[in-house]
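A.B. asks: Take a look at the letters that make up each chain.
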Amino acid sequence: MAKGNGILRFLACGSVDDGKSTLIGHLLHLTGNLYDDHLGILEQESARMGNAGGVMDYSLLLDGLTAEREQGITIDVAYRYFSTRQRHFIVADTPGHERYTRNMATAASRCDAALILVDALQGVLPQTRRHALICALMGIRHLVFVVNKMDLAGWEEQVFRRMEAQCHTLAGDLERFGLPPAEVAVIPASALLGDNLVELSPRMPWYGGATVMGWLHAVSPWPDREESPLRFPVQYVIKTPRSNGAWQNGVAEEFRQGTGTFRAYAGTVVSGSIRCGDAVAVLPSGLATRVAAIWSGNMPVPEAGTGMAVALTLEGEHDIVRGDVICTVHDRPEVAHLFKARLVWMDDQAHFAGRRYLFKSLGGAARAEVIRLRGRIDLDSYQRLATDQFTLNDIGEAELLLSRPLPFDAYRENRETGGFILSDLLTNATVACGMILHALRRADTVQRQFEEVAPAERAALMGQKPCVLWLTGLSGAGKSAIANLLERKLHGLGRHTMLLDGDNIRQGLNKDLGFTEAARIENIRRIGEVARLMTDAGLIVITAFISPFTSERALVRSLIPQGRFVEIHVHTPLEECERRDPKGLYKRARQGEIPNFTGIDAPYEAPETPEIRIDTLAHSAAESADAIIRYLTEHNLL
Amino acid sequence: MTRTDPLHLLEQESIRIIREAVAEAERPVMLYSIGKDSSVMLHLALKAFYPMKPPFPLLHVDTTWKFREMIAFRDATTSRLGLELIVHTNHEGVRLGVTPFTHGSRAYTEIMKTEALRAALTTGGFDMIFGGARRDEEKSRAKERVFSFRDGRHHWDPRVQRPELWSIPNLARNRGESFRVFPLSDWTELDVWRYIAREAIPVVGLYFAARRPVVERDGQWIMVDDGRMKLLPNERPQMRTVRFRTLGCYPLTAAVASRAATVGGIVRELERTRHSERAGRLIDFDQAGSMEKKKQEGYF
Chain A
1 MAKGNGILRF LACGSVDDGK STLIGHLLHL TGNLYDDHLG ILEQESARMG NAGGVMDYSL
61 LLDGLTAERE QGITIDVAYR YFSTRQRHFI VADTPGHERY TRNMATAASR CDAALILVDA
121 LQGVLPQTRR HALICALMGI RHLVFVVNKM DLAGWEEQVF RRMEAQCHTL AGDLERFGLP
181 PAEVAVIPAS ALLGDNLVEL SPRMPWYGGA TVMGWLHAVS PWPDREESPL RFPVQYVIKT
241 PRSNGAWQNG VAEEFRQGTG TFRAYAGTVV SGSIRCGDAV AVLPSGLATR VAAIWSGNMP
301 VPEAGTGMAV ALTLEGEHDI VRGDVICTVH DRPEVAHLFK ARLVWMDDQA HFAGRRYLFK
361 SLGGAARAEV IRLRGRIDLD SYQRLATDQF TLNDIGEAEL LLSRPLPFDA YRENRETGGF
421 ILSDLLTNAT VACGMILHAL RRADTVQRQF EEVAPAERAA LMGQKPCVLW LTGLSGAGKS
481 AIANLLERKL HGLGRHTMLL DGDNIRQGLN KDLGFTEAAR IENIRRIGEV ARLMTDAGLI
541 VITAFISPFT SERALVRSLI PQGRFVEIHV HTPLEECERR DPKGLYKRAR QGEIPNFTGI
601 DAPYEAPETP EIRIDTLAHS AAESADAIIR YLTEHNLL
Chain B
639 MTRTDPLHLL EQESIRIIRE AVAEAERPVM LYSIGKDSSV MLHLALKAFY PMKPPFPLLH
699 VDTTWKFREM IAFRDATTSR LGLELIVHTN HEGVRLGVTP FTHGSRAYTE IMKTEALRAA
759 LTTGGFDMIF GGARRDEEKS RAKERVFSFR DGRHHWDPRV QRPELWSIPN LARNRGESFR
819 VFPLSDWTEL DVWRYIAREA IPVVGLYFAA RRPVVERDGQ WIMVDDGRMK LLPNERPQMR
879 TVRFRTLGCY PLTAAVASRA ATVGGIVREL ERTRHSERAG RLIDFDQAGS MEKKKQEGYF
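Protein chains in written order, with this note's numbering: chain A, 1 to 638; chain B, 639 to 938.
Errors might be hidden in some of the hints.
[As the list claims (entries may be wrong)] Here are some chain B residues pointing at chain A (derived, C-beta under 10 Å): (1) R654; (2) R657; (3) P689; (4) D774; (5) S805; (6) T879.
[To be verified] Cβ-Cβ distance ranges computed for the label pairs, FRET-style: (7) A:R372 <-> B:V798: 27 to 33 Å; (8) B:V798 <-> A:V251: 21 to 27 Å; (9) B:G903 <-> A:R256: 37 to 43 Å.
[Said to hold, decoys possible] Computed list of chain B residues with no C-beta within reach of chain A, every gap over 12 Å: (10) A745; (11) F787; (12) P807.
These are computed hints drawn from the structure, not numbers from a lab.
Beta carbons: idealized from backbone N, C-alpha and C, even for Gly.
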């Protein structure tokens, strides 16, 4: 037996009919992991019902359900166990049919490496891309593409090179999506005939890389969770009155002594390690205490590492329940009830924002509402597309609101405490699995939807209609001058206002941002969010930023209720701005002292259809402010 | 023992599964079939809840055709550990004279095992039911989830199994519905024996080679365990050195010729064998897709 090299969990996936079951069955045979009586049955069945022509149909070894054998397809995951001198393997043979994607995801969630099959005659198909994305989402970072059916492709190197290029394109797309594989290999093979599975095939002398088994032996899939911060989700509370007979035989007398209840917290160390005497925190309560003892079965142990299922006793008496997370004091999981996550939709029913589900993670269970869909991932490009619904097998991003705050980590930080499932409150079906991206900090304004004061109520108390007056234009166009006058006039009219400009944003909230394109986008996104919060608070918000990009202004517009975003283009020709140059910036930009200066070496995308356009050559700042107030009155905003 | 030792990893994962099921159960129960897998599963349950006794009873469906040595081992084990044992027998079946000899293995299994199990589970109102089945035993078992949903009639629908993600099983259920929970899903036969060796877990003596009275029937060695065994005209019991690789009802479980008289001997034997474990289970072969059909109806 392979001692000390652990167990490698991997899956075989890819599109339907690409030969996954055949590959696994053949690997089992070639590595000497099939019993004679199973081989005998296989020979009989291959002759009677096989789909492999004259040779053994290894897929019959894996497709264990009657319906699968009748239809010649794989419906659900088959798990097989085999070992070589070097290693133990648990392999999951997954269904390729899109309809059974949830079964493939089931397997992927527990695996460390993936064999993705590609038919040499078909190439990378949408379902190949779906499976590769699910593997990546699940945190599988070791991918090998097996270009199968090389026998049908005449063992041609050119065919393989074409396939190889497609696989690398796919891997590149994953990287651009933000989920770069740690390792990508592409192997030409014939699952049916066994070429390049265990030994290099003489029929493909042009290939000198690893065989499939060689790759499986070499892959080192264990990210060092031991080094991660301690996470110990309480799974079950062991408790028994000290004075009764519910003790196992041979339990030390010291447990039984005293009154009250013996209490230990059972669970698995899902990351990091824990020692007796360690100071720990318990979330979500934040309680601080120390580890008194650690039990591994009936053995007290000084410490427990990742993967150990132990029971802890803690100093003092506490109210700790299932789902609480015991963690290091210094590096705690987040506790939040609003966060953004990626979802794989598994229910036959389509989902629209606003429906409620049961949420379950290692950090506990709660009611959950998917409050906003943030896009569906297009399989051809791995780009996010706007959507108002998720349907079966969709992969998308969404915002979730829980009925109570729960502890969690981002999935990329911790595969155990960052995953969750959603189930239907009536049918109990699992409708989705999710991977948490990050908490959303609007938590306090969105929580308690029923008790909370609605934005409209706040606005009513102020007797006004909140809106955003968004001034955009070149540096020196006169935005700030107009904005200041406008606020003064509105204030004079008894309106509650707030002015956001470079002075109070760039030097405070956004002082960590520079002027690269990415920083400018983030700058505007944050200002948009702040403006949105302030309109929720009932204020009329005036902003004065260059905001050069159409898409960012559109993004802000989408955040604000319809009709409450007033885009005002303060139009001044560049020459005039440069002539005014109130802060001397243009001069410095021209001398190359300020890179990425809008109008000089960075673009300004003028709005095509702003609500208001102001020509500062024709109108003074005061006239401009009056024109804006006229617009607001005419449009029933004042 | 290192942290990447496969036995250690399997053990820790199984304890986690047992705790998860009990944490979400209202009325958990452990199917105790007296075999090696049940012995390992029980041992893991003792570890999972130490120093407390496992918070569930054991359930044994007694067909009345178990080896006598098995029944003695069952009673000794439960009394030694001080655990509650529920024994359920289909008395109606006994009254009707249903035996493996008279009704054939298929009808007998349905009436005395599957039907009896369903009745015992319904009577007890159990909602989380542990079983010692392993995926490496048989092709349809290889397809089953660790936490496997059963409808109100205890039926399994292999075409619509619930997704099972990470270590977060969806155990939501309505009244009458239940889960079969298989903590040993990822163990192989060899893992089980290596673990028995490592932990010195007691198992029934029938697993060890000894001289026993057997008859040869359809190429298999069947042990003559008591006077109810009906011998065919040309059959004569003979003493052979045999052991059992798997234990069920004695007329339906064949012995194998073996000299492995210790746990270590069994491990060495299995490391070399070219034959699968369930080759000796006659009921697996009584119809095509046999195990899957039995499982759908509620058999473990």
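A.B. asks: State for each hint whether it applies.
C.D. replies: To see whether the hints hold, each was checked on the structure:
Taken as an interface hint, R654 (chain B) checks out: its beta carbon lies about 5 Å from the nearest beta carbon of chain A, inside 10 Å. This hint holds: R657 (chain B) has a C-beta 5 Å from the nearest C-beta of chain A, less than the 10 Å allowed. The criterion of a C-beta within 10 Å of any C-beta in chain A is met by P689 (chain B), whose closest approach is roughly 4 Å, and the hint holds. Interface hint status for D774 (chain B): upheld, as the beta-carbon distance to the closest one in chain A is roughly 5 Å, under 10 Å.
The closest approach between the C-beta of S805 (chain B) and any C-beta of chain A is roughly 7 Å, which is under the 10 Å cut-off, so the hint is satisfied. About 22 Å separates the beta-carbon of T879 (chain B) from the nearest beta-carbon of chain A, more than 10 Å, and the hint is not met. Checking the proposed 27 to 33 Å range against R372 (chain A) and V798 (chain B) shows it holds: the Cβ atoms sit about 30 Å from each other. Checked against the given bound of 21 to 27 Å, the beta carbons of V798 (chain B) and V251 (chain A), roughly 44 Å apart, lie outside it.
Between G903 (chain B) and R256 (chain A) the CB atoms are about 40 Å apart, so this pair conforms to the stated range of 37 to 43 Å. Separation of A745 (chain B) from chain A is adequate, the least Cβ-Cβ distance of about 20 Å exceeding the 12 Å criterion. Distance check for F787 (chain B) against chain A: the nearest CB is about 9 Å away, which does not clear 12 Å, and the non-interface claim fails. Not every CB of chain A is more than 12 Å from the CB of P807 (chain B) (nearest about 9 Å), against its label as outside the interface.
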